[in-house]
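So the chains spell out like this:
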Amino acid sequence: MTKDRFEFAITALACAIVIYMLISIFYLYVAVGESWSLVVSALFDNRVLGAIAISISSAFIVGGLAIAAAIPCAYLLTYRSFRGKGMLETFLIDLPQTFPPVTEGLVYLLMLGKIGLAYTYPAVIIAKFYVSAPFAISFAARRFKEIRESGLDVIARSLGAKTREVLGRILLPLSSRDLLAGFSLTWARAMGELAATLVFAGAIPWVTETIPTLVYFTAAETPQIAIAASVVAETLSIVALLSFKWIARRR
Amino acid sequence: MDCEEKIMKELRVENVTKTYGNVKALDEVELTINPAEFMVVMGPSGCGKTTLLLVILGALTLDEGHIWINGKDIDELPLDERNIGYVPQDFGLFPHLNVYENVAFGLRVRKYPEVKVRERVNELLHTVDLEGLETRKPKELSAGQKQRVALARALATDPSVLLLDEPLSNIDEATKAEVRVNLKEIQKKSKVTTLCVTHNPEDSFQLGERIAVMHYGKIIQCDTPQNILEKPKNELVRKLIAPMYILWNI
Numbered sequence: 001m002t003k004d005r006f007e008f009a010i011t012a013l014a015c016a017i018v019i020y021m022l023i024s025i026f027y028l029y030v031a032v033g034e035s036w037s038l039v040v041s042a043l044f045d046n047r048v049l050g051a052i053a054i055s056i057s058s059a060f061i062v063g064g065l066a067i068a069a070a071i072p073c074a075y076l077l078t079y080r081s082f083r084g085k086g087m088l089e090t091f092l093i094d095l096p097q098t099f100p101p102v103t104e105g106l107v108y109l110l111m112l113g114k115i116g117l118a119y120t121y122p123a124v125i126i127a128k129f130y131v132s133a134p135f136a137i138s139f140a141a142r143r144f145k146e147i148r149e150s151g152l153d154v155i156a157r158s159l160g161a162k163t164r165e166v167l168g169r170i171l172l173p174l175s176s177r178d179l180l181a182g183f184s185l186t187w188a189r190a191m192g193e194l195a196a197t198l199v200f201a202g203a204i205p206w207v208t209e210t211i212p213t214l215v216y217f218t219a220a221e222t223p224q225i226a227i228a229a230s231v232v233a234e235t236l237s238i239v240a241l242l243s244f245k246w247i248a249r250r251r
Numbered sequence: 001m002d003c004e005e006k007i008m009k010e011l012r013v014e015n016v017t018k019t020y021g022n023v024k025a026l027d028e029v030e031l032t033i034n035p036a037e038f039m040v041v042m043g044p045s046g047c048g049k050t051t052l053l054l055v056i057l058g059a060l061t062l063d064e065g066h067i068w069i070n071g072k073d074i075d076e077l078p079l080d081e082r083n084i085g086y087v088p089q090d091f092g093l094f095p096h097l098n099v100y101e102n103v104a105f106g107l108r109v110r111k112y113p114e115v116k117v118r119e120r121v122n123e124l125l126h127t128v129d130l131e132g133l134e135t136r137k138p139k140e141l142s143a144g145q146k147q148r149v150a151l152a153r154a155l156a157t158d159p160s161v162l163l164l165d166e167p168l169s170n171i172d173e174a175t176k177a178e179v180r181v182n183l184k185e186i187q188k189k190s191k192v193t194t195l196c197v198t199h200n201p202e203d204s205f206q207l208g209e210r211i212a213v214m215h216y217g218k219i220i221q222c223d224t225p226q227n228i229l230e231k232p233k234n235e236l237v238r239k240l241i242a243p244m245y246i247l248w249n250i
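If you're matching them up, the sequences are chains A and B in order.
Read in order, the letters of the first sequence are residues 1 to 251 in this note's numbering.
Read in order, the letters of the second sequence are residues 1 to 250 in this note's numbering.
Since the hints were made in silico from the structure, they are not lab data.
The structure displayed is predicted, hence computed values, not measured ones.
Watch out, some of these pointers could steer you wrong.
Lysine-lysine pairs mimicking DSS-like chemistry, simulated, CA-CA at most 27 Å apart [unchecked claim]:
no.	chain 1	residue 1	chain 2	residue 2
1	B	Lys-137	A	Lys-245
2	B	Lys-176	B	Lys-188
3	B	Lys-137	A	Lys-145
4	B	Lys-239	B	Lys-218
5	A	Lys-85	A	Lys-3
6	B	Lys-111	A	Lys-162
7	A	Lys-145	A	Lys-85
8	A	Lys-162	B	Lys-116
9	A	Lys-245	B	Lys-139
10	B	Lys-72	A	Lys-162
11	B	Lys-111	B	Lys-189
12	B	Lys-233	B	Lys-24
13	B	Lys-191	B	Lys-111
14	A	Lys-162	B	Lys-137
15	B	Lys-24	B	Lys-218
16	B	Lys-191	A	Lys-145
Turn these sequences into a full structure, and let the hints steer you where they fit.
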């Protein structure tokens, strides 16, 4: 057997990257170890609890709204042909993921601030939705297109199914895993969103302050609060993603 | 079932043309399938057979011509209102539904009462000899069983016409003869006007009461298997059915 040096080199490089990524994820727990008693007591700080409540509740609402939005958008992108469809897909799915969230927060502030939505709980939802929902839309659209290619929708229609039945009896049941995956990524992205939320919703404890905004404000002065909030956010994200994946695999 | 629905229907394809860019997939296709007849359209891959099926089904729009079922022009009818049974090459069973639910699909979307659904599904499962497999998922079935489920599902709503796309191409050689006989028997029992497309001359001659030989989007000859064998219209038809002369030792 000849030694493939190039293969060895790319494997080593991949391993180095993996180690770097894992350290990036888990170093936070090392930091906790150094001052764990302070961090544990900070966990029960009223402001931290508020940020946890706002983050989790808004992420679930955003996840639910994203799924509700993903279904009609995916249907449109799969079944309707019109000029500029590719462009629409870019605007709906790709752009929100690359557009600077801070700018989007400013757009919402200018657009919706006038009607009194700025610095409210709905503002948190609106800001997080824009940057997170594309995950759900892109997962649903990809799956709907796969189903269309399989021709199962044509068979359903040949049996008399109208759009409502094609959606309810074919597209949705066959996309449940993908919708769940889209929900989980949307949820995780919403949990981590900082800039748009900060600009449009501010950081009012127990109203609009989320874990990322709390970390942003406390990192320098009271790091134990920031660490406690980060540990909660990171642990929740890891646990949530793993459980969503586990559920999706079981279905 | 509605009595009117059970009347055997004639399918007429009149002057149908379908073009993709510069390619004429269907070139003024004329074809009449008599009530309860088993018609096979035979031709090499890419000759337009599947396009013809999809145009009749309503999944593709035609550029010119008309499709008639019992004298009624169905060109403008959407796919879900044509009441045409369709069995694709891969059988197209809904993977998340079991055998019973697959067969019941068309009846349920048409809001049949559950008692009628059960009665009809059981009757069909008996016809296709699949009783006892109601709760199996498609992935737990053999290719032959899948085909019978797909047939039962397509026949459940008493379609005017049944369209079969390469029905034997996914069946292994060992069971092909048996599946072919079953297919013919089920069609005879249900008396449904059937249009089947295949590239395989042997399947065509075994299944079809009449065969339409298709090439480059045109029907070159349409006749009984016997007449096609004895009097092929031209050299091309003779070439396309050549395997039959060897198989049947003619």
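Taking the hints in turn, this is what the structure says about them:
{"no.": "1", "hint": "B/Lys-137 x A/Lys-245", "result": "holds, 24 Å"}
{"no.": "2", "hint": "B/Lys-176 x B/Lys-188", "result": "holds, 18 Å"}
{"no.": "3", "hint": "B/Lys-137 x A/Lys-145", "result": "holds, 23 Å"}
{"no.": "4", "hint": "B/Lys-239 x B/Lys-218", "result": "holds, 16 Å"}
{"no.": "5", "hint": "A/Lys-85 x A/Lys-3", "result": "violated, 50 Å"}
{"no.": "6", "hint": "B/Lys-111 x A/Lys-162", "result": "holds, 12 Å"}
{"no.": "7", "hint": "A/Lys-145 x A/Lys-85", "result": "holds, 14 Å"}
{"no.": "8", "hint": "A/Lys-162 x B/Lys-116", "result": "holds, 21 Å"}
{"no.": "9", "hint": "A/Lys-245 x B/Lys-139", "result": "holds, 23 Å"}
{"no.": "10", "hint": "B/Lys-72 x A/Lys-162", "result": "holds, 22 Å"}
{"no.": "11", "hint": "B/Lys-111 x B/Lys-189", "result": "holds, 26 Å"}
{"no.": "12", "hint": "B/Lys-233 x B/Lys-24", "result": "holds, 22 Å"}
{"no.": "13", "hint": "B/Lys-191 x B/Lys-111", "result": "holds, 25 Å"}
{"no.": "14", "hint": "A/Lys-162 x B/Lys-137", "result": "holds, 24 Å"}
{"no.": "15", "hint": "B/Lys-24 x B/Lys-218", "result": "holds, 9 Å"}
{"no.": "16", "hint": "B/Lys-191 x A/Lys-145", "result": "violated, 36 Å"}
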